[in-house]
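A.B. asks: Each chain, written out:
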Amino acid sequence: MKQFSAINTLKIMLERPNIMFNVIKQMDRHNERFISEATLALTVLEDIKSLDKKEQQRFKLAFATENLANSHIIADQDQFDNVNRLMFQEAVLSIFRLCETSLYQELTDAKLKSELASFWHIQSKLKAESCSFNILDPDYTELVEELLQKLGSLLDLLKRNLVRMQNINSDLEQLSIDVSKEGIDFAEYRQKLLDDVTRLYERHILPTQKFVNPDVRLIDGDNLLATINSIKILFDSHGKHELSDQVFRYSLSFSNIINPLKDVSNQINGFIRKTQKSLTQFNAMEWHFERFKQKYEETLDGRVNRTKVDSSFAKETQFMNNVKRIPRPKTLKIENNESYFHNVFTDLTYKIEDQLLTSDDVIDAEGEALISFTSKDRLERARQIYQLIEKLKLRESKDVIATLHYRLKDLLPKYHFVDLINAVVHYRKTILDGKQLIKTNQKSYIHHDNEYYVYRVVILQEAL
Amino acid sequence: MENTIINSFEEIPYLKSAEIYRLFSQGKVLNKQKYDDVHGCFVDDGLFTLVFNKIKHFTLFFKHMGYELKLDDEGDFYFTQEIRDSNNDESDDNAMKIQAVLLFIGRYYAKVGDLEQLSDPMFGLKETDIDALKQDELLVSSLKALRLDNWDKALEYLNSRDLIFKMAKDRYVLSSAAAAFLNRLITAHTEFINNESTN
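These protein sequence lines are chains A and B, in that order. The opening position of the first sequence corresponds to residue 1 in this note's numbering, with each subsequent residue numbered one higher. The opening position of the second sequence corresponds to residue 1 in this note's numbering, with each subsequent residue numbered one higher.
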């Protein structure tokens, strides 16, 4: 059977992240580290059922137990009650938790205590007489390594937990969603709500808040910041200033977490005091904000040029739709600077030259040529336009076709649009006179003899 | 017939009429009440009263200019829409910016107080509120995705359309139009919840 490498298996898993999101949710719900092979297969099939056969096959292969095992995506398998159960690598689960904040595991009191205990362990080892503080001593270097690794992973854990808590508003909205229902007994409902919120607060927010609070006293040892600080002092006293500096910076980051946490608990405090009316308002705002957030998150997809929120959000509520400013006529811009006057004067010079050209009878009254329209006459007129165009001087222009149109219109008797085409073609082929033409993708139109002619704008500029 | 039409124009002071036209041409709404700087409270807007009393005239007038004059009776304000049903990106973007920024303000305020206070000059949106909004990084990047550079620009945008009034530096109060929008959001949510529970 076809197998994928670890990186390709992961890529495929990330293509449809909902599969793993659901798997993680199921495991979290049962508080288990294992998922049965059958449940996984079912989740996969459910998610890919709308795909075409070939695509389905790709996902089935990637999620096949053999493939997962060979690419080390799963760490272990076991048999339990005749059910084959899979245990995913913690690192793989972490990736998916990172992509979906609601999957973060909340830090419980127990988890935090065990983290703190490991710092106490390191602290006591560093304080012991036997600790050498010598980089040549492998016991010491391993201890330092363990300390830094612990500090890093704890900070990461707290930060992720913080992100989770900052989304508390949507949790509160979910808890209190029924408040907008008709015929609800608010007093009774409020009691239930208070219980739920208190549980949320005591189980998940209070422990973390206590954990990073520098003023908390614990029975069995120093609090986190005091522990870290004592370690810093130990390094200082042994002249390990670089290490002490690193530890100090970690302690700063830990104490910085307390402020956003205070905001979170303030929000909960405010929430508890809400009346039925303001609770309704709160929920409505959160609900609509989630709607907006979905639109906003669409701009975070892989496409680089997609940075603007789609405006379909606004159409769902009748307010200020189709309202815009009324455009006002633009004023004629006359400026007082050299290049403006230069352009005015070259235009005037060219106009005079144009007049001299026609008064020299360069072009005869060739109107009949157009009306009779025999090929011979047409050629003759074209030839004369060529001669004329070779004598015309054109200045740099942002739309050379329009310039030519207005110049020829005045110059040629019975001017016709065909003349302009002839002129442009000839101009492009022959006389560029140190200038270059740049064709753009912009379209513009000329209105002549009740007809509209659309053309691509061509810029004339000095050749570089 | 001819006479009555001429009369309806003669009945209206042209300066006021021009002012009303200018206001709508800037994309503003005409609220029943505007904030009065001197007294620090809301007072009736004479222009609104004029339009209200001469609604036939003004409806026709704007119709001839290619716009439909509409009254939003929940929010007591007039606004104009282009009659030509153009699928216009500019006006879509306008509505999006306005609705989103008002939602951000409402969402923030619903956490700390009662939304009705937003349109009460005694309270309104204060400097500390604006600071808190500026701190929220999700909102700041959302503003960018709406093509509004920052909170100052966003508030200026609402202010230029008379959806909020500036009371002092970093103090704003919502017009009845803006308050009507927030109420509409609440109604929509209540309907959604109740429809869902009956289904």
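If you're looking for bench data, these hints aren't it; they were derived computationally from the structure. Please note that a few of the clues may not be correct.
Said to hold, decoys possible - Listed next, the stretches of chain A that the computed footprint assigns to chain B, with coverage defined by at least 3 CB atoms under 8 Å from CB atoms of chain B:
#	region
1	72-82
2	308-314
3	453-459
Said to hold, decoys possible - Short derived list, chain B residues pointing at chain A, Cβ under 10 Å:
#	residue
4	Asp72
5	Phe79
6	Gly106
7	Arg147
8	Arg161
9	Leu163
10	Ile186
11	Glu191
Since we're looking at a predicted model, the values are computed, not measured. All C-beta atoms in this analysis are idealised placements derived from N, C-alpha and C, irrespective of residue type, glycine included.
A.B. asks: None of the hints should be skipped; say for each whether it holds.
C.D. replies: Status of the hints after comparison with the structure:
1. With 0 residues carrying a beta carbon less than 8 Å from a beta carbon of chain B, the region 72-82 of chain A misses the three-residue requirement, and the given coverage is violated.
2. Proximity of the region 308-314 of chain A to chain B, defined as three or more residues with a beta carbon under 8 Å from a beta carbon of that chain, is established by the 5 residues found.
3. With 0 residues bearing a CB less than 8 Å from a CB of chain B, the region 453-459 of chain A misses the requirement of three and the coverage assertion fails.
4. Residue-level restraint check for aspartate 72 of chain B holds (minimum Cβ-Cβ distance to chain A is 8 Å; threshold 10 Å).
5. A least Cβ separation of about 5 Å between phenylalanine 79 of chain B and chain A falls short of the 10 Å threshold, and the interface hint therefore holds.
6. Below 10 Å, beta-carbon pairs count as interface contacts, and glycine 106 of chain B has one with chain A at about 5 Å; its hint therefore holds.
7. Residue-level restraint check for arginine 147 of chain B holds (minimum Cβ-Cβ distance to chain A is 6 Å; threshold 10 Å).
8. At about 8 Å, the closest approach between the beta carbon of arginine 161 of chain B and any beta carbon in chain A falls short of 10 Å, and the interface hint on this residue holds.
9. Given the 10 Å rule on beta carbons, the hint for leucine 163 of chain B holds: about 8 Å separates it from the nearest Cβ of chain A.
10. Nearest Cβ of chain A to the Cβ of isoleucine 186 of chain B: about 4 Å, under the 10 Å cut. The hint holds.
11. Because the smallest distance between the Cβ of glutamate 191 of chain B and any Cβ of chain A comes to about 9 Å, under 10 Å, the interface hint for this residue holds.
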